[in-house]
Amino acid sequence: MILCLVEPGALSLEAVAFAQSLGPVQAFSVDAGGTYAPGVCAAAIVQLVDRHSPEAVVAAASDRGQEAMAHAAARLDLPLAANCVSAQAGEQPGEPWQVVRQRWGGSLLEEATLSGPVKLLTVAPHVVEPAAPVPVEAFSPELTEADLAVRILRREEPPPGTVSLTDARVVVGGGRGVGSAEGFGLLEELATLLGGAVGGSRVVTNLGWRAHADQVGQTGARIAPDLYIACGISGAIQHIVGCKGAKKILAINKDPHAPMLARSDYAVVGDLHEVVAAVIDELRRTARPATGA
Amino acid sequence: MHVAVCIKRVPETGARITLTADAQEIDTSYLGFTISPHEECAVEEALRLVEKHGGTTTAVTLGPPAAAEQLRNAIAMGVQSAVLLETEQSDWDPQATAAALADVLRDGGHDLLLFGNESADSGGYQVGVRVAHALGLPCVTGVKGIEIAEGVAKVRREESGGWEIFEVPLPAVISVKEGINLPRYASLPGRLRAKKTEIVRVEPGWSEGGLRRQRLLVPQEHGSAVEVLGEGPAAAPRVVEVLKELGVA
Ligand SMILES: Cc1cc2nc3c(=O)[nH]c(=O)nc-3n(C[C@H](O)[C@H](O)[C@H](O)COP(=O)(O)OP(=O)(O)OC[C@H]3O[C@@H](n4cnc5c(N)ncnc54)[C@H](O)[C@@H]3O)c2cc1C
Ligand SMILES: Nc1ncnc2c1ncn2[C@@H]1O[C@H](COP(=O)(O)O)[C@@H](O)[C@H]1O
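Protein sequence lines correspond, in order, to chains A and B.
Following the working numbering, the numbering of the first sequence begins with 1 at its first residue and continues without gaps.
Following the working numbering, the numbering of the second sequence begins with 1 at its first residue and continues without gaps.
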């Protein structure tokens, strides 16, 4: 039997699907009495492992899934394979499993063996289709004070109306080619016209042209918009892993040989300032006149 | 306060990755090396905390002799001392790495152990948590803000666009993400000091971990050909057509 940790959000249903490919699945969620505490999740996993002796415990490689599994692995002193894209059970129970997992945020894969009496693994996002919803047991573990020592004291919500990078349908990304913080004004304008958000490469956040919250890539946001417009971005693998979830990519770059173009569906070769300005004009020109008051 | 920062030497890969013939490693013949970005921010955070509260900073890495370069980079940024767990072996899985790091950190008298949330290359998302567990310390991961007052670290991390606030008593383990700060550049005096500072070398005790790499693979790239919509501003009408086709304009 495979235990699968389910948290709110679609990623967990991907983890369920992944687990179903390995054997019969028992899905559980952790009831931490209204708060979130990594220690409570770890206690839950440890107690469920003890109770059911599963072959494996699987969770989504979300921030929380990753955290819970790392704590559980440390407590159980078992190996943990993070960000798996596939797994194959051993012939006999207890034998090592063969896994393929992501390195470098997904720009490289690793074939590895995972041993231990119970296999612990997290499932990389968007490598399997989500499963249909399954019954989920809400489990409240027995707790010690230490389990609750680190827990969320409060949350600060984002200001209402903010389009977050990860939810935006269109993301206009800028790289070193934008040239300055001011240069992002044009990209803002285009994003506003398309109801989207502005993102950037690590170079522009490192130069202080944009806040790090806008960074797309391995150490920034993983985005999955309908369209990503990459302006003056060369297309380093660490950037690509952040934007390859986009349904379509349009690259605007003055260098026809920039790797970004080869990773895109559409491209415009030219100076991004001129191209973006012209696109904004054209959008305004062809916009239907506003109706109503 | 005494802060230790765990950093890892990783190749500075660019537009594509090439593997060695045996597919065991990235071919680094033409690559430089760097500290993982999250960890560079951990170094910066250590420096800022000590500038504010007084104390010492130490950088620790487990890696090949050449990893001394990353320790020297950390010293050039302002870190005071450095420890290299020197090993020629490359099969350190997260369990083995954490055990070796915990051994040298155990009696270090540190108030705070900083890690990256995940290493840039292997991305195991666990070494910091395992060290915390081995040392019996509380741990928060994915942190993007630290304030310390009266022996307690108040930390924040991002969650669905909002923030989650935690408090942890020191000593503690905190793993950070890029964005917590903007790391400084090494200063000239820093670089000179980095050359002169002696790096403490320790031979780490290797133990076999349960996650064993067999070989690396470069994933298939998406094959669809790019459609060039035009050159320069003259492409704008075609671009807008495509935006409309895609239903975003
Ligand atoms: C471990 C690690 C993690 C990393 N994480 C990330 C990450 O999360 N996100 C990320 O983005 N990077 C990340 N990087 C950095 C990454 O390797 C690249 O350095 C970075 O993405 C390059 O940014 P860029 O494309 O803006 O700049 P450059 O590579 O300098 O490219 C600039 C591009 O702009 C074009 N250009 C210049 N002027 C114009 C103009 N006027 N009009 C049109 N085009 C123009 C050029 O032709 C070029 O293609 C990471 C690196 C490492 C080692
Ligand atoms: N070889 C190493 N030497 C020093 N610190 C390391 C090493 N490997 C991992 N770490 C630390 O542990 C963090 C998490 O690593 P990982 O579990 O591999 O994702 C990294 O960001 C580093 O801070």
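Simulated from the structure, these hints should not be mistaken for lab results.
Incorrect hints may appear among the rest.
Said to hold, decoys possible - Pairs of lysine to aspartate or glutamate, DMTMM-like flavour, derived with a Cα cap of 20 Å:
#, chain 1, residue 1, chain 2, residue 2
1, A, K244, B, E88
2, A, K244, B, D121
3, B, K144, A, D31
4, A, K248, B, E241
A quick look at each hint next to the structure:
no., hint, verdict
1, A:K244 - B:E88, "violated, 36 Å"
2, A:K244 - B:D121, "holds, 19 Å"
3, B:K144 - A:D31, "violated, 26 Å"
4, A:K248 - B:E241, "holds, 14 Å"
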